[in-house]
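Chemist: Be aware that the sequence shown starts at 91, since it is given in the working numbering, and climbs by one per residue.
By construction, these hints were calculated from the structure, which means they are not laboratory data. One or more hints might be untrue.
Here are the simulated DSSO-like pairs of lysine-lysine, each with C-alpha atoms no more than 27 Å apart in a straight line [claimed, not checked]:
#: 1; residue 1: LYS107; residue 2: LYS291
#: 2; residue 1: LYS203; residue 2: LYS182
#: 3; residue 1: LYS210; residue 2: LYS240
#: 4; residue 1: LYS149; residue 2: LYS240
#: 5; residue 1: LYS258; residue 2: LYS210
#: 6; residue 1: LYS241; residue 2: LYS267
#: 7; residue 1: LYS299; residue 2: LYS107
#: 8; residue 1: LYS149; residue 2: LYS267
#: 9; residue 1: LYS203; residue 2: LYS267
#: 10; residue 1: LYS149; residue 2: LYS203
#: 11; residue 1: LYS258; residue 2: LYS107
#: 12; residue 1: LYS210; residue 2: LYS182
#: 13; residue 1: LYS107; residue 2: LYS203
#: 14; residue 1: LYS241; residue 2: LYS210
#: 15; residue 1: LYS299; residue 2: LYS210
#: 16; residue 1: LYS258; residue 2: LYS240
#: 17; residue 1: LYS299; residue 2: LYS258
#: 18; residue 1: LYS149; residue 2: LYS210
#: 19; residue 1: LYS182; residue 2: LYS240
#: 20; residue 1: LYS258; residue 2: LYS247
#: 21; residue 1: LYS241; residue 2: LYS258
#: 22; residue 1: LYS267; residue 2: LYS299
#: 23; residue 1: LYS291; residue 2: LYS240
#: 24; residue 1: LYS241; residue 2: LYS299
#: 25; residue 1: LYS291; residue 2: LYS210
#: 26; residue 1: LYS203; residue 2: LYS291
#: 27; residue 1: LYS149; residue 2: LYS241
#: 28; residue 1: LYS267; residue 2: LYS240
#: 29; residue 1: LYS182; residue 2: LYS299
#: 30; residue 1: LYS291; residue 2: LYS267
#: 31; residue 1: LYS247; residue 2: LYS107
Values in this document were obtained by computation on a predicted structure and should not be read as measured data.
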Amino acid sequence: MTRERMVLQDLWDFIEKEVFPFQTSDCIFNQYSQASEHDLANGDGIRRDNLRRYVSHFKSRPTILLVGEAAGYRGCRFGAIPFTSEAHLLVKVPVGGQISSRRSTPWVEPSAKLFWHNLKPFSQNFFVWNALPFHPYQEGNLLSNRTPTKKEFADHKQLLAGMLDILKPAQIAAIGKQAESLLLALGHSCTYVRHPSYGGKREFEEGLKRLFPDAELTR
């Protein structure tokens, strides 16, 4: 059966062609084409479907692109959508989806919880992605996070560049310094928003308020 063409079909075609089959280097996990002992059978397929649900939920083309830094193991690594954990998918935030991990309880990421608590009403206005869309981990520990190196960001920059070329957003916001650096290196001006981790909650919310003046931020 032929699937209905989505508003962001051009973006989805790019993701299928360029992101899913991308060959990552050591200690970077492509959650859309790889699976490990921590995944359900066909975990990568579940994640591809979760991401498709997100891309297809847009009723019109979003005008804002929010760019995070990289997938984290509590969030995008298993949830497939940036700043989105398995627990969010179960309550359809931003869209419904399936769990892909073998964990007895769904993964919950604090940054994801804060992100969608504030921005759920605006989910049609922005598209969220990561400067490095895969999961960088510490050697020998798949359930860990680490900051990607400058070379690793550079090795993946064509994926973000392609997304920018397709979306042509009127406004770009970088969530975190690493995302800001890559966007500037690609020649795109952006609004900097402090990443919410490591005590950045208040500054993160202040940055969101500048982007979305009508947002009801957490207290």
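Chemist: If a hint holds in the structure, say so; if it doesn't, say that too.
Modeler: Hints versus structure:
no.	hint	verdict
1	LYS107 / LYS291	violated (36 Å)
2	LYS203 / LYS182	holds (13 Å)
3	LYS210 / LYS240	violated (31 Å)
4	LYS149 / LYS240	violated (36 Å)
5	LYS258 / LYS210	holds (22 Å)
6	LYS241 / LYS267	holds (15 Å)
7	LYS299 / LYS107	violated (35 Å)
8	LYS149 / LYS267	violated (31 Å)
9	LYS203 / LYS267	holds (21 Å)
10	LYS149 / LYS203	holds (24 Å)
11	LYS258 / LYS107	holds (19 Å)
12	LYS210 / LYS182	holds (10 Å)
13	LYS107 / LYS203	violated (30 Å)
14	LYS241 / LYS210	violated (33 Å)
15	LYS299 / LYS210	holds (14 Å)
16	LYS258 / LYS240	holds (25 Å)
17	LYS299 / LYS258	holds (22 Å)
18	LYS149 / LYS210	holds (15 Å)
19	LYS182 / LYS240	violated (34 Å)
20	LYS258 / LYS247	holds (16 Å)
21	LYS241 / LYS258	holds (25 Å)
22	LYS267 / LYS299	holds (18 Å)
23	LYS291 / LYS240	holds (25 Å)
24	LYS241 / LYS299	violated (32 Å)
25	LYS291 / LYS210	holds (17 Å)
26	LYS203 / LYS291	holds (11 Å)
27	LYS149 / LYS241	violated (36 Å)
28	LYS267 / LYS240	holds (12 Å)
29	LYS182 / LYS299	holds (24 Å)
30	LYS291 / LYS267	holds (15 Å)
31	LYS247 / LYS107	holds (15 Å)
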